[in-house]
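Between the sequences and the hints, there should be enough to build the whole structure, so can you do that?
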Amino acid sequence: MKSVTITSIRPRSRSDATPAAPAAGGKFYTPYSFWFYLPTAVIYSVLFLVPTFASFYYSLTRWSLFESKFIGLDNFVLFFQEPALVKGFTNTLIFAVVTSGSKVVLGLLLAVLLTSRIVGRGYLRSVVFFPVLVSTIGVGLLFQVLMNPEQGLINGALGVIGIDGPGWLTDPKWALMSIALVDVWKGVGLATLIYIAGIVSIPREYMEAARVDGAGSWESFRRIVLPLSRPATVTVVILSLIGGLRSFELIWAMTRGGPGFTSDVISSVIYKQYQAGFYGLSTAGNVILFLVVTAIVLPLSWFLNRKEVNL
Amino acid sequence: MRIGTRSTALAVFAAGTLILSACSAGSLGSSDEGGSGSVSITYLTTNQDQDVKEAEQLAKDFTAKNPGITVKVETRPGGTEGDNIIKTRLSTGDMVDVFNYNTGSLFQAIAPPKNLLPIDDQPYIGDLDENFKKTVTADGKVYGAPVGGFMGGAVLYSIPVYTKLGLKVPTTWSEFMANNAKIKASGDGVAPVIQTYGETWTSQLFVLGDFHNVSAAEPDFADKYTKNEAKYATSPAAVKGFEHTQQVHDLGYENKDFASAKLPDGLKMLATGKGAHYPILSGVVANMIATYPDAAKTVGLFALPGDDAAKNGLTLWTPGGLYIPTTTTGDKLEAAKKFLAFVASPDGCKSQSTAGAPTGPYAVKGCELPADVPQAIKDMQPYLDKPGASSLALEFLSPVKGPSLEQITVEVGSGIRKAKDGAARYDEDVKKQAQQLGLAGW
Amino acid sequence: MSTAELVNHKPGRSYLLSAVAIVSSVVVFVIPFAFIVLTAMKDRQQAADLDFTWPHQFQFVQNFVEVVKARDYMLVIAFINSTILTVASVAGMVVLAAMAGFVLQRRRSKWNGFINFLVLSGLIIPPAVVPTIWVLQKLGLFKTMPGLILIEIAFGLSFCILLFRAFVATIPRELDEAAIIDGAGPLRLFFRVIFPLLRSVIITVVVVQSVNVFNDFVNPLYFLPGDQNATVQLTLYNFSGQFSTQYNLLFMDILLITIPPLIMFLFFNRQIVAGMTSGAIKG
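Chains as they are written, first to last, in full-length UniProt numbering: chain E, 1 to 311; chain L, 1 to 442; chain R, 1 to 283.
Incorrect hints may appear among the rest.
[Stated by the list, open to error] Straight-line alpha carbon distances no greater than 27 Å define the calculated BS3-like cross-link-like pairs of lysine-lysine that follow:
no.: 1; chain 1: E; residue 1: Lys87; chain 2: L; residue 2: Lys431
no.: 2; chain 1: L; residue 1: Lys184; chain 2: L; residue 2: Lys164
no.: 3; chain 1: L; residue 1: Lys227; chain 2: L; residue 2: Lys134
no.: 4; chain 1: L; residue 1: Lys231; chain 2: E; residue 2: Lys87
no.: 5; chain 1: L; residue 1: Lys164; chain 2: L; residue 2: Lys256
no.: 6; chain 1: L; residue 1: Lys338; chain 2: L; residue 2: Lys60
no.: 7; chain 1: E; residue 1: Lys173; chain 2: L; residue 2: Lys256
no.: 8; chain 1: L; residue 1: Lys53; chain 2: L; residue 2: Lys365
no.: 9; chain 1: L; residue 1: Lys141; chain 2: L; residue 2: Lys337
no.: 10; chain 1: R; residue 1: Lys138; chain 2: L; residue 2: Lys114
no.: 11; chain 1: E; residue 1: Lys173; chain 2: L; residue 2: Lys418
no.: 12; chain 1: L; residue 1: Lys332; chain 2: R; residue 2: Lys143
no.: 13; chain 1: L; residue 1: Lys431; chain 2: E; residue 2: Lys69
no.: 14; chain 1: E; residue 1: Lys69; chain 2: L; residue 2: Lys227
no.: 15; chain 1: L; residue 1: Lys168; chain 2: L; residue 2: Lys378
no.: 16; chain 1: L; residue 1: Lys227; chain 2: L; residue 2: Lys114
no.: 17; chain 1: L; residue 1: Lys134; chain 2: L; residue 2: Lys350
no.: 18; chain 1: R; residue 1: Lys143; chain 2: L; residue 2: Lys72
no.: 19; chain 1: L; residue 1: Lys420; chain 2: E; residue 2: Lys87
no.: 20; chain 1: E; residue 1: Lys69; chain 2: L; residue 2: Lys114
no.: 21; chain 1: L; residue 1: Lys72; chain 2: R; residue 2: Lys69
no.: 22; chain 1: E; residue 1: Lys69; chain 2: R; residue 2: Lys138
no.: 23; chain 1: L; residue 1: Lys164; chain 2: L; residue 2: Lys378
no.: 24; chain 1: E; residue 1: Lys69; chain 2: L; residue 2: Lys141
no.: 25; chain 1: L; residue 1: Lys268; chain 2: L; residue 2: Lys182
no.: 26; chain 1: L; residue 1: Lys365; chain 2: L; residue 2: Lys338
no.: 27; chain 1: E; residue 1: Lys87; chain 2: L; residue 2: Lys418
no.: 28; chain 1: L; residue 1: Lys337; chain 2: R; residue 2: Lys143
no.: 29; chain 1: L; residue 1: Lys420; chain 2: L; residue 2: Lys431
no.: 30; chain 1: L; residue 1: Lys332; chain 2: R; residue 2: Lys138
no.: 31; chain 1: R; residue 1: Lys143; chain 2: L; residue 2: Lys114
no.: 32; chain 1: L; residue 1: Lys332; chain 2: L; residue 2: Lys65
no.: 33; chain 1: L; residue 1: Lys268; chain 2: L; residue 2: Lys168
no.: 34; chain 1: L; residue 1: Lys60; chain 2: R; residue 2: Lys69
no.: 35; chain 1: E; residue 1: Lys87; chain 2: L; residue 2: Lys262
no.: 36; chain 1: L; residue 1: Lys350; chain 2: L; residue 2: Lys53
no.: 37; chain 1: L; residue 1: Lys262; chain 2: E; residue 2: Lys173
no.: 38; chain 1: L; residue 1: Lys420; chain 2: E; residue 2: Lys173
no.: 39; chain 1: R; residue 1: Lys69; chain 2: L; residue 2: Lys53
Simulated from the structure, these hints should not be mistaken for laboratory data.
Laid out in structure tokens, this is it:
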């Protein structure tokens, strides 16, 4: 409680000092005080940066929570020998690419649809966004039931039209894709929302001009909507790629990486090591995941944002 | 100075919410702290239906005998998630006053001398079963009191199916497979072997429950295993467990929904005669009978069959342990000690039998099983009475146990991986655990 | 919206499209939700069939009472805890992130690159659980609600700062200058001039982060253990063990804990898009 009060009160009490600032400031005065960073910096460093740096150290130890022993890079060697890891790596990449790709395509299409003149637009917008509100664990439990190969609603419905549905979560060939499907189901609402925001902010004149030039719907979509919603695309790609690479809760709720190890991703391998009590090893995995995500997202974000400037 | 009402309001609001939040909701209703001379201790157990019932019954009966001490039951998930919570709470000094946890290899992994209170000086220590004591001993000191009974890792079978087809309880693997073939051929749609990979831990019994047969063939397996001299993949006896798992799948003896079915589905199949055999821990019997009372008579048990009928016997799991962490002090410590003494007494056993069917014999001298125990539990007795017909599971004889066995056996039992390969993979898996424990030879 | 409508400027065509859209939305989104509701009203046996049927007998009230009463009214406690957690941490996030995002966008300094990197890494790096627990313990905040609130704030800040920074960029600097000429200090400039203008992005942040915090599962599990501290997601987790054969109660729980985010969404529905539009997107 004490430290909480400090962080929330400090900026307020500082205000007593500020009135003097404009007068005394001279050429060094800036209204954008660095003090504004302070509460954020304190909370963020203490609760995020410090533990993160501590974890770099622990990734070099054999750590049972009760004691730790420095073993150099052994954990990293061991982690890369982990048989589930190669599978986990490819699965992580597949999962991230498939989900963020589908969110971009579906999100854009839905956004165009939901900004067009269509009956029941309000209803459609709400209903597409609805899954975003349900907790991941809840969605996982729900689809575990719906995707049950023998009793589930999905295979039941497919059976009616004569299709013998696969074991969505129990067949090694399908498990990962089924989870990706559910992830898209849950996340497409947010992507759509971002795209709607992007499309709505396209200046009216562009559309009118296109119309005057006699462009059809497809033409105006391709020449105006698509290029101008590029910032939205960047946002969706970056957010869903990070989400996809780090994705854990849904996979854990639905298959726990199974059957066997077939739907394991890096985060679930890390979590299993963690559960098994291999804290050093798991922390090493955390560091690896961090490097992988950074190596993919940073250049991509830099590349996408740079292009944007040229537009 | 004027900074404007808006920001003032905001600051007040922020401060207000933080003050409000300082007190989390806590528990509604009973506020038992602060009563004169009364002590309240918290007991942490797993969230399985049967465990909660048992814990609440124990708490109730204990308070009846010890007015002034109340026991609050708190729950945690079971399995590896639970392991993790126990470790985290112990390492952060945040454990409740008394907690229930596994014995054997998992017990060794929570650094008992550092985190737990030894109970060697307690009066009931002499009444505890020797086998049990071994599994809660670290550095020569005993740390846990038994809660629950011994469990058998065995095959539960449907007696009506056996009667109808005129089958005999098998003592060798080939007899067992012959029975399976007959059950399948009977055309009743009865699944010869129930597997429930929707709950992965249930997939391990062909391997773990086979250990009596392994040690009958290779008596020093456990020792060598700990020393990194024996391996599942290279020991002809040990690899059988994996091979059996694969065979059952290859011959199509599993129930059709084995990949998604969960424990309750498996119990339902067994209790209703839709499945004939279910390799599982006898600990699930109480749960089954709570839902299907008839199963007390219609479900029996036999040890996992091996190669040699003469040496066939039951693999046993010791009861769970009750432990007091070193963080429990003062009045609560005294109360916690009393609670352990109660649980490890005939009264405690009686209380547990009231809460649900026992899982097997108790590990406390003077504790009798009630006369009306289910048939499956009764079937364990002959193995226990006959010398050399039962042995503890490997996890109680060696601290080496890998975390991924259940995923591997799911793979082997689903045809994703071959038995030999699975065994080799498990050997890799245990390496990390052995290194973590700092065992010699790894 | 009107601009976008121009994309499809042949009005007659959208009826077929509407029908297709509505039908597929029912199949893809409404049926799963209806499944939750229906299962939540069934009795135990029927719920175990897992099929999409009308309940034989409605047990809505009975299931509701049972779920609420389970484990000593755990759900009620959880709702109180989750509400406190969500309100306090989202309030903290909004104020702190708005201040940081404001200065980050306005003030060019050699630190900006580094700060941006830190913000982005907050989005990327998976938090390390056990070291965080240690830090909390050293501060005496482990297993306390304020501790968990600070954790949620720390982990949520990055995303909020990114949104605020992007939005502040759309506010003309002339406004700042006018306020400064009027003699406003940094705090007054921010709270009196800038903060009110952030309204729409604040709503977006509030909605997105409230849903995140309310639905958070992992952090409460580790940083606020204990049944008396349960949050709503943990009840789901606890019940899924305890109710492993009682799908009606499990789905009732899912239903109940989905209601608060739903209400919030209905309440702010329109503003969310507005907030995104007016700036966030240009980041």
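To see whether the hints hold, each was checked on the structure:
no., hint, result
1, Lys87/E with Lys431/L, "holds, 20 Å"
2, Lys184/L with Lys164/L, "holds, 13 Å"
3, Lys227/L with Lys134/L, "holds, 19 Å"
4, Lys231/L with Lys87/E, "holds, 25 Å"
5, Lys164/L with Lys256/L, "holds, 22 Å"
6, Lys338/L with Lys60/L, "holds, 14 Å"
7, Lys173/E with Lys256/L, "holds, 18 Å"
8, Lys53/L with Lys365/L, "holds, 24 Å"
9, Lys141/L with Lys337/L, "holds, 16 Å"
10, Lys138/R with Lys114/L, "holds, 20 Å"
11, Lys173/E with Lys418/L, "holds, 17 Å"
12, Lys332/L with Lys143/R, "holds, 20 Å"
13, Lys431/L with Lys69/E, "holds, 17 Å"
14, Lys69/E with Lys227/L, "holds, 21 Å"
15, Lys168/L with Lys378/L, "holds, 17 Å"
16, Lys227/L with Lys114/L, "holds, 24 Å"
17, Lys134/L with Lys350/L, "holds, 24 Å"
18, Lys143/R with Lys72/L, "holds, 18 Å"
19, Lys420/L with Lys87/E, "holds, 20 Å"
20, Lys69/E with Lys114/L, "holds, 16 Å"
21, Lys72/L with Lys69/R, "holds, 17 Å"
22, Lys69/E with Lys138/R, "holds, 22 Å"
23, Lys164/L with Lys378/L, "holds, 22 Å"
24, Lys69/E with Lys141/L, "holds, 25 Å"
25, Lys268/L with Lys182/L, "holds, 22 Å"
26, Lys365/L with Lys338/L, "holds, 18 Å"
27, Lys87/E with Lys418/L, "holds, 18 Å"
28, Lys337/L with Lys143/R, "holds, 26 Å"
29, Lys420/L with Lys431/L, "holds, 17 Å"
30, Lys332/L with Lys138/R, "holds, 25 Å"
31, Lys143/R with Lys114/L, "holds, 22 Å"
32, Lys332/L with Lys65/L, "holds, 17 Å"
33, Lys268/L with Lys168/L, "holds, 23 Å"
34, Lys60/L with Lys69/R, "holds, 19 Å"
35, Lys87/E with Lys262/L, "holds, 26 Å"
36, Lys350/L with Lys53/L, "holds, 14 Å"
37, Lys262/L with Lys173/E, "holds, 21 Å"
38, Lys420/L with Lys173/E, "holds, 22 Å"
39, Lys69/R with Lys53/L, "holds, 16 Å"
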